[in-house]
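Position chain B against the provided structure of chain A, taking the given hints into account.
So the sequences go chain by chain: A and B.
Using this note's numbering, the letters of the first sequence map in sequence onto residues 1 to 388.
Using this note's numbering, the letters of the second sequence map in sequence onto residues 1 to 388.
Rather than coming from a laboratory, the hints here were simulated on the basis of the structure.
Be careful, since some hints might not be right.
[Said to hold, decoys possible] List of simulated lysine-lysine pairs, BS3-like, C-alpha gap at most 30 Å:
id, chain 1, residue 1, chain 2, residue 2
1, A, Lys81, A, Lys122
2, B, Lys337, B, Lys376
3, A, Lys81, B, Lys337
4, A, Lys298, A, Lys20
5, A, Lys88, B, Lys48
6, B, Lys298, A, Lys82
7, A, Lys381, A, Lys360
8, B, Lys339, A, Lys337
9, B, Lys300, A, Lys337
10, A, Lys48, B, Lys122
11, B, Lys48, A, Lys337
12, B, Lys300, A, Lys82
13, A, Lys81, B, Lys122
14, A, Lys48, B, Lys337
15, B, Lys298, A, Lys339
16, A, Lys82, B, Lys339
17, A, Lys337, B, Lys122
Here is what each chain is made of, one letter per residue.
2 protein chains.
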Amino acid sequence: MAKERMKGQIMYKLIKKDGKAKRGELVTVHGTIQTPVFMNVGTVAAIKGAVSTVDLEEIGTQVQLSNTYHLHVRPGDELIKKFGGLHKFMVWDKPILTDSGGFQVFSLASMRKIKEEGVYFKSHIDGHNIFMGPEESMRIQSNLGSTIAMAFDECVPNPSTREYTMASVQRTTRWLERCKKEMARLNSLDDTINKHQLLFGINQGSTYEDIRIEHAKVISDMDLDGYAIGGLAVGESHEEMYRILDATVPYLPDNKPTYLMGVGTPANILEAVDRGVDFFDCVYPSRNGRHGHAYTNKGKLNLMNARFELDDRPIEEGCNCPACRTYSRAYIRHLLKAKEMLGLRLIVLHNLYFYNTMMKEIRDAIDNGNYQDYKKEKLLKTGGNYNE
Amino acid sequence: MAKERMKGQIMYKLIKKDGKAKRGELVTVHGTIQTPVFMNVGTVAAIKGAVSTVDLEEIGTQVQLSNTYHLHVRPGDELIKKFGGLHKFMVWDKPILTDSGGFQVFSLASMRKIKEEGVYFKSHIDGHNIFMGPEESMRIQSNLGSTIAMAFDECVPNPSTREYTMASVQRTTRWLERCKKEMARLNSLDDTINKHQLLFGINQGSTYEDIRIEHAKVISDMDLDGYAIGGLAVGESHEEMYRILDATVPYLPDNKPTYLMGVGTPANILEAVDRGVDFFDCVYPSRNGRHGHAYTNKGKLNLMNARFELDDRPIEEGCNCPACRTYSRAYIRHLLKAKEMLGLRLIVLHNLYFYNTMMKEIRDAIDNGNYQDYKKEKLLKTGGNYNE
Chain A
1 MAKERMKGQI
11 MYKLIKKDGK
21 AKRGELVTVH
31 GTIQTPVFMN
41 VGTVAAIKGA
51 VSTVDLEEIG
61 TQVQLSNTYH
71 LHVRPGDELI
81 KKFGGLHKFM
91 VWDKPILTDS
101 GGFQVFSLAS
111 MRKIKEEGVY
121 FKSHIDGHNI
131 FMGPEESMRI
141 QSNLGSTIAM
151 AFDECVPNPS
161 TREYTMASVQ
171 RTTRWLERCK
181 KEMARLNSLD
191 DTINKHQLLF
201 GINQGSTYED
211 IRIEHAKVIS
221 DMDLDGYAIG
231 GLAVGESHEE
241 MYRILDATVP
251 YLPDNKPTYL
261 MGVGTPANIL
271 EAVDRGVDFF
281 DCVYPSRNGR
291 HGHAYTNKGK
301 LNLMNARFEL
311 DDRPIEEGCN
321 CPACRTYSRA
331 YIRHLLKAKE
341 MLGLRLIVLH
351 NLYFYNTMMK
361 EIRDAIDNGN
371 YQDYKKEKLL
381 KTGGNYNE
Chain B
1 MAKERMKGQI
11 MYKLIKKDGK
21 AKRGELVTVH
31 GTIQTPVFMN
41 VGTVAAIKGA
51 VSTVDLEEIG
61 TQVQLSNTYH
71 LHVRPGDELI
81 KKFGGLHKFM
91 VWDKPILTDS
101 GGFQVFSLAS
111 MRKIKEEGVY
121 FKSHIDGHNI
131 FMGPEESMRI
141 QSNLGSTIAM
151 AFDECVPNPS
161 TREYTMASVQ
171 RTTRWLERCK
181 KEMARLNSLD
191 DTINKHQLLF
201 GINQGSTYED
211 IRIEHAKVIS
221 DMDLDGYAIG
231 GLAVGESHEE
241 MYRILDATVP
251 YLPDNKPTYL
261 MGVGTPANIL
271 EAVDRGVDFF
281 DCVYPSRNGR
291 HGHAYTNKGK
301 LNLMNARFEL
311 DDRPIEEGCN
321 CPACRTYSRA
331 YIRHLLKAKE
341 MLGLRLIVLH
351 NLYFYNTMMK
361 EIRDAIDNGN
371 YQDYKKEKLL
381 KTGGNYNE
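Extracted from the complex, chain A is given alone in its bound form:
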């Protein structure tokens, strides 16, 4: 059924543009994603902070993102395939995006050697030797059966020389060709869990605009299901990030999803949407939640602060998240001080809800053709408190 439905269909539909801001929808075998969208990060098939997929339903999550490298190492993608795939394993029937594992290989693993065939490295869990190249990454993501697979690339470190960046980006392009071929092969196999797995390519080029643009043109010609911009939010300034987006996004196809990987603060998202990006993911809402920081429309609150000890208001007045519907700042502050897991859980739920709700506001603003007003007002309301 799903197979028939998907064949030859245009999967991404650009519904409306407001300036450069894109309002789209992506039809997948696991349901339709309304964009701009924020994907909620569940690294090892679980959102940190004791948040379950039942909770994700409640807080308006459209797409869950899991990390290929982590799942490969534990519990193992073969095990998840035997179980029936990641959707069945974590009980989530909506879209899942898996990253390629590349970013973790470059950031977590030790003793890594990059060769033309792929990367040799040691597991961050037990130190055993692992090899991962484009084919391995596709095979692991196919075993997981995610909705969207990401191409295996090298996330060029910042700063990098022009020469290193150029050579790396060219290898990433060769890897992308191998990813595309391997994904097509895997999608045609009988025992593949999701035969309609989509593949997004990734633009790299560090902070060199010309390399970014050239790479964007090359990968756009490969007619993939979507395009990501990688290698940002890795130490460069926000202004530099916006400059790269200004330069690069126009060279990625409008009629495909545009995904800015690992970004970012609410302000980053508002600015990137304004530059044509419509997929996002970031660990900030859950990581900040675990540190006691809550996002609100009046800036970020540090709930460990003594001024909240008798504050009977919710984290944000009028918020309809599972934390704000019931609990006070005073109670959550007490839980944090007492190191009770419940405190973290409540703030993480609130923060993810805040992000998911902001994305809905963004979609509504684009639908109504007043994105500029919305963006200006939201940035103003939330103040300068948004640098993480």
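Same frame as chain A, but now just chain B:
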């Protein structure tokens, strides 16, 4: 309203007896408790394992138990009183029982000195000097505004000499008189949060039957709202515990709640109900959950075990708890191995639901006059796997 309703009313009603097993109900200002009941332990006004009071509603919790000593130390009972009491603070409108703080003073605090007036000790958090006697304990519990306050006693260590036990129990009796007087005074004050706070006395006497019996007689004459048996499950064998219950419970009033403090395994509860106990509390279901151990009607499961890695069944088939309704043993095992808080949360929810459901089965069995059959069958089903 509540004030009028409570005045002069018989608050505990013994609905039925089946052998010695009591089926009762306790009417309180925070609602009616059906007994036998298992109180879910929320030490610092939160159930460990990221379980909220919204979750407690869902898993059938009737009474939440919080620890007076912990709340006195952090966030402070004065703060909770200012906030409007523990019910408002943790958002729970059903009954709350607070312990006296005595047990924690004797088990957690250091440098303690027991005098006639009370106990001098140092905080386990920051080492500052604290004094707690009967009046202080009542005042703290009154500040918390719990439904049921426990008398301040000394939990006699096991083993203790006959002489020490006798002297300690006599002091506990003198302390109980002071508790009763102070509680009456506090309940009459204008700014008291719960003017109908109930007071349960505590029977002590270590493993000396005659001391236990004599003490039971003395405190029964004091016409308190309920009676607890303390100082059990502190190292003595299960058989010794049952022997003490056999000897002591008959000397406590049938027409009052009978509470066995800190007990215990499902088997312990089944045996104690059979000896006339109808209130219980224990950290086992949450503590075991945090160690990956799940209670089922086929014994306890260690979900860390490799045999569950592809097991797509819920923890217990047919169970309607939030974990079993959605998630598999394989997924929960993975979460435990990956040290994801969600794994602990799911098992703790299951274990508390298991206990709460068993209490409902026990009430039904007594209602139907077949408690013996039920007990025999439940012990058989669950095997010998229940020694914790």
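Checked hints:
1. With a CA separation close to 23 Å, the supplied pair Lys81(A) and Lys122(A) stays within the 30 Å bound.
2. A C-alpha spacing of about 36 Å is found between Lys337(B) and Lys376(B), which places the hinted pair above 30 Å, so the restraint is violated.
3. Taken as a hint, the Lys81(A) and Lys337(B) pair is honoured in the structure, with Cα atoms around 18 Å apart against an allowance of 30 Å.
4. Using a Cα cut-off of 30 Å, the hinted pair Lys298(A) and Lys20(A) holds, with the two alpha carbons roughly 27 Å apart.
5. Between Lys88(A) and Lys48(B) the CA atoms are separated by roughly 28 Å; this keeps the pair inside 30 Å, and the hint holds.
6. Straight-line distance between C-alpha atoms of Lys298(B) and Lys82(A) comes to about 27 Å, which keeps the hinted pair within the 30 Å bound.
7. As the CA atoms of Lys381(A) and Lys360(A) are separated by approximately 17 Å, the hinted pair is consistent with the 30 Å bound.
8. The straight-line distance between the Cα atoms of Lys339(B) and Lys337(A) is roughly 22 Å, inside the 30 Å bound, and the hint therefore holds.
9. Among the hinted pairs, Lys300(B) with Lys337(A) is inconsistent with the structure: their alpha-carbon atoms are about 33 Å apart, more than 30 Å.
10. Among the hinted pairs, Lys48(A) with Lys122(B) is inconsistent with the structure: their alpha-carbon atoms are about 36 Å apart, more than 30 Å.
11. Using a Cα cut-off of 30 Å, the hinted pair Lys48(B) and Lys337(A) holds, with the two alpha carbons roughly 14 Å apart.
12. With a C-alpha separation of about 26 Å, the suggested pairing of Lys300(B) with Lys82(A) holds against the 30 Å cut-off.
13. For the hint linking Lys81(A) to Lys122(B), the alpha-carbon distance of about 55 Å lies beyond 30 Å, and the restraint is violated.
14. Among the hinted pairs, Lys48(A) with Lys337(B) is consistent with the structure: their alpha-carbon atoms are about 14 Å apart, no more than 30 Å.
15. Only pairs whose Cα atoms come within 30 Å are accepted, and Lys298(B) paired with Lys339(A) is rejected, the gap being roughly 34 Å.
16. Between Lys82(A) and Lys339(B) the CA atoms are separated by roughly 22 Å; this keeps the pair inside 30 Å, and the hint holds.
17. Proposed proximity of Lys337(A) and Lys122(B) is supported: the alpha carbons are some 20 Å apart, at most 30 Å.
In this structure, the earlier hints numbered 2, 9, 10, 13 and 15 are contradicted, and the remaining ones agree with it.
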